[in-house]
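Participant: Based on the sequences and whatever the hints tell you, model everything.
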Amino acid sequence: MLDFLHSRRGAAVFLVILAVIPLLDPGRYWLHVINVTMIYALVSLGQNIITGWCGMLTLGQAAFFGLGAYTSALLSLTFGLPFIVCFFAAGIMASIVGALLSLPCLRVRTDFLSLITIAFNQLFFVVANNWMSLTRGPMGLPQVPRIEFFGFAAWSATDHYYVFLVIVALAYFAVSRITGGATGRAWEMIRDDEVAARAVGVDVVRYKVLAFAVGCFLAGCAGSLFAHYLRLVSPDMFLLEESLIAMQMAILGGLASLPGAALGAFLMIAIPEALRSSEPWLITLRPGIGGALLVILMIWRPHGLLSRRNTAPQSLRALSAWLRRGIGLDRAPRSPAERDRDNLR
Amino acid sequence: MNTPILACENIEKSFGGVRALRTVSVTFREGEILGIIGPNGSGKTTLFNIISGHEAPDGGTVSLNGHDVTGKPPHKMAALGLARTFQNLRLFEGMSALENVLGGGHLRAPRGLLEQMLRLPSTAARDRAAREEAQTLLNAVGLGEHARNFATDLSYGQTKRLELARALNTQPRILLLDEPTAGMNDRQAREILELVKDIKERFALTLVVIEHNVPALVWLAERMVALDAGEVVCEGTPEEVVQDPHVIAAYLGTGAEA
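So the protein lines, in turn, are chains A and B.
Going by the numbering used here, the first residue of the first sequence is number 2, and it counts up by one from there.
Going by the numbering used here, the first residue of the second sequence is number 42, and it counts up by one from there.
Derived by calculation from the structure, the hints in this document are not laboratory data.
Everything numeric in this text was worked out from a predicted model, so none of it was measured.
Any given hint might turn out to be false.
[As the list claims (entries may be wrong)] For lysine to aspartate or glutamate, the following EDC-like pairs were computed, each having C-alpha atoms within a straight-line distance of at most 20 Å:
id : chain 1 : residue 1 : chain 2 : residue 2
1  : B       : Lys-117   : B       : Glu-134
2  : B       : Lys-113   : A       : Glu-195
3  : B       : Lys-117   : B       : Glu-96
4  : B       : Lys-238   : B       : Glu-220
5  : B       : Lys-117   : A       : Glu-195
6  : B       : Lys-241   : B       : Glu-263
Facilitator: Spelled out as structure tokens, the structure:
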């Protein structure tokens, strides 16, 4: 099953199903739920590159999502630039800022990286909330232009659906090529053992910055789609809570797994959104529920649901081992002397 | 055979108050098998770390083919043809055996983002060739059937072999092995050293081996260096070194203490 999901055939089947959904006329509301999920599937993918492939626990993806949204909205509102230009500008802007932020961060241990990125997220919110002349603060930026390119304008939920489907599918395809190539392998080597990665010729700093650049590019592009789809940008859309959710998407869905990244977005966005009217508490308690699920998952599958192998970063592996020992599932690790004795036997 | 390929001159390294290496000079000759022995804490691994760039020396120079490479980062040293294994295994646990070996070929793989995204037939062909090469190396170390297994599913002896295959896939000219037989019984140790010797001939390597198993190293090495307390105490043929009074004293203590 997992192998099928990760195969080219699995991806094709999934894509066909998604392409057929609007033809079954599910109604505007359900299409909207999937549209938002597809946008977040890009955020989830970006987070998964940084955390799942490269093993860095970054907790600031909402800031890059927001940076993309604001960049795109401001460029189109202020300068009337076409959507396509704003879209790529948003990605590039987030990518550059992400790469610059990662540079000093790479000098610290991975748990401090989380703290620094949390701080960045808060900083982004404070700036967006207070720079009245640029962002209009808490009032946000309304009337962001529609998605339009090459004479096509997206009006209905179905229009947006197909635009997002094409963009997200292309992004997943491009990422699958990178993660299946030498770059993805270099990221995984860094995640599993930096010292050994260096010894086989991997320029660790360069590849970590690259992971940030690509991951934040995707978040920025998603931000642009979000801004032009909802046609409104406001600071409270990019709170730290959203970063937590992005991290939970990556881990719950499956680290270093493309179907895992998509599943993460489905679990954290589609389900709560779909139940928004009947079960409003699901949205409110979402980060808490995600966190509780994570703790449970840490015990059995620290690498997440759809990952085919143990792709958890070192810190999550350690957390998992600690939890398992704590509840008595594993005994304490053998000492080197014990191991030697067993090996010699 | 006798041209120096790698030379360490007056290497010094301290950790806090501990002087791990004090003015160590060793020359490595092209195509030889050099064994390094010494009691625990004598600075063998530190010397390896300095050569491979994982640690910077406090003083002294490392030169490769006559060029100063002191303090170059490990990935640059790898590009210059230096590979190593680690005393405590360092495998990529989230990757299969084949991928571990493929990782060793990082520097030869297509690495441009656009190149990978487009994956033109030429790129795909390079990838396929790399996979075949990696499989050949796995076969060479006797892990041919374990290509899809994960590093965590292999036995201890197999993981040692896998690390060797990964190092070989960087296509090194110099290979540093840090205790290749640690934690093995005599039979396993013998097997792995025979493999090492065979590989050294096949790939025309310069081989440097740290080993605690002195008889095994005497069998393997053409020349030996003995370290004690951060200093070279003896250098010569294996027979000379193991009979040297300094070396015996370092391992067994002096008569006065006994």
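Participant: Compare the structure with each hint and give your call.
Facilitator: To see whether the hints hold, each was checked on the structure:
| no. | hint | verdict |
| --- | --- | --- |
| 1 | B/Lys-117 x B/Glu-134 | 24 Å, violated |
| 2 | B/Lys-113 x A/Glu-195 | 16 Å, holds |
| 3 | B/Lys-117 x B/Glu-96 | 13 Å, holds |
| 4 | B/Lys-238 x B/Glu-220 | 14 Å, holds |
| 5 | B/Lys-117 x A/Glu-195 | 15 Å, holds |
| 6 | B/Lys-241 x B/Glu-263 | 12 Å, holds |
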